[in-house]
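Peer 1: Residue numbers for the sequence shown follow the numbering used here, beginning at 109 and rising by one.
A few of these clues could be false.
[Unchecked claim] Beta-carbon label-pair distances, calculated as ranges: (1) Ala111 with Glu166: 17 to 23 angstroms; (2) Glu132 with Ala158: 20 to 26 angstroms; (3) Gly110 with Phe148: 19 to 25 angstroms; (4) Gly110 with Lys140: 42 to 48 angstroms; (5) Ser146 with Leu183: 34 to 40 angstroms; (6) Gly188 with Asp138: 34 to 40 angstroms; (7) Ala111 with Gly139: 16 to 22 angstroms; (8) Pro180 with Ala111: 42 to 48 angstroms; (9) Val134 with Gly188: 17 to 23 angstroms.
[Unchecked claim] Distance condition first, Cα-Cα at most 16 angstroms in a straight line; then the derived EDC-like pairs of lysine to aspartate or glutamate: (10) Lys192 with Asp176; (11) Lys192 with Asp138; (12) Lys171 with Glu132; (13) Lys140 with Asp169; (14) Lys171 with Glu193; (15) Lys159 with Glu193; (16) Lys171 with Asp138; (17) Lys192 with Asp181; (18) Lys159 with Asp181; (19) Lys171 with Glu141.
Source of the hints: derived by calculation from the structure; they are not laboratory data. Glycine included, every Cβ here is placed at the ideal spot set by N, Cα and C.
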Amino acid sequence: MGAAVVAALIWILLRSLTARSGAEVVVSVDGKETAVYSLFENRTETISGAKGLNNVLEIRDGKARVTDASCPDRLCVRQGEISKEGESIVCLPNRVVITLRGTEEGESDVVAW
Numbered sequence: 109m110g111a112a113v114v115a116a117l118i119w120i121l122l123r124s125l126t127a128r129s130g131a132e133v134v135v136s137v138d139g140k141e142t143a144v145y146s147l148f149e150n151r152t153e154t155i156s157g158a159k160g161l162n163n164v165l166e167i168r169d170g171k172a173r174v175t176d177a178s179c180p181d182r183l184c185v186r187q188g189e190i191s192k193e194g195e196s197i198v199c200l201p202n203r204v205v206i207t208l209r210g211t212e213e214g215e216s217d218v219v220a221w
């Protein structure tokens with residue numbers, strides 16, 4: 109049990125040290141990419157979800173977050189800010205997924221020893 113905890117802590121540490129900042133905010137609604145924004149341009153956008161509900165996306169200072177949502181549980185608002193490549197915010201009732209991705213193709217996210 110102790111070795112598993114240590115291994116998990118090492119993995120988390122390595123992942124946080126090697127995680128790259130995202131460069132683009134990708135918005136998908138009902139599985140279809142609907143918009144791409146730069147993570148480095150401050151802006152606020154209203155996203156119309158698949159069921160006619162809205163999410164308010166704020167991009168500021170290299171971080172993205174949902175500041176308001178018309179879905180009943182508002183879990184997407186409580187998910188907080190994202191700034192690293194591969195992180196995402198999901199609103200299931202609206203079928204909205206906001207994901208950060210880098211712009212360079214072919215990069216690997218695996219660390220070799």
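Peer 1: Would you mind marking each hint as holding or not holding in the structure?
Peer 2: Tested hints:
1. Ala111 with Glu166: 17 to 23 angstroms: 42 angstroms, violated
2. Glu132 with Ala158: 20 to 26 angstroms: Cβ of Glu132 to Cβ of Ala158: about 22 angstroms, so the range 20 to 26 angstroms holds.
3. Gly110 with Phe148: 19 to 25 angstroms: For Gly110 and Phe148 the Cβ distance comes to about 42 angstroms; the hint is violated.
4. Gly110 with Lys140: 42 to 48 angstroms: 46 angstroms, holds
5. Ser146 with Leu183: 34 to 40 angstroms: 26 angstroms, violated
6. Gly188 with Asp138: 34 to 40 angstroms: 24 angstroms, violated
7. Ala111 with Gly139: 16 to 22 angstroms: 40 angstroms, violated
8. Pro180 with Ala111: 42 to 48 angstroms: Given a distance of about 43 angstroms, which is inside 42 to 48 angstroms, the answer is holds.
9. Val134 with Gly188: 17 to 23 angstroms: 18 angstroms, holds
10. Lys192 with Asp176: Judged against 16 angstroms, a Cα distance of about 21 angstroms means the pair is violated.
11. Lys192 with Asp138: Given pair Lys192, Asp138 is violated - Cα atoms ~23 angstroms apart, limit 16 angstroms.
12. Lys171 with Glu132: 10 angstroms, holds
13. Lys140 with Asp169: 26 angstroms, violated
14. Lys171 with Glu193: Status holds; Cα separation ~11 angstroms.
15. Lys159 with Glu193: Distance ~28 angstroms between Lys159 and Glu193 Cα, so the pair is violated.
16. Lys171 with Asp138: The given pair, whose Cα atoms are some 23 angstroms apart, is violated under the 16 angstroms limit.
17. Lys192 with Asp181: 25 angstroms, violated
18. Lys159 with Asp181: Holds - the C-alpha atoms of Asp181 and Lys159 are around 15 angstroms apart, at most 16 angstroms.
19. Lys171 with Glu141: 20 angstroms, violated
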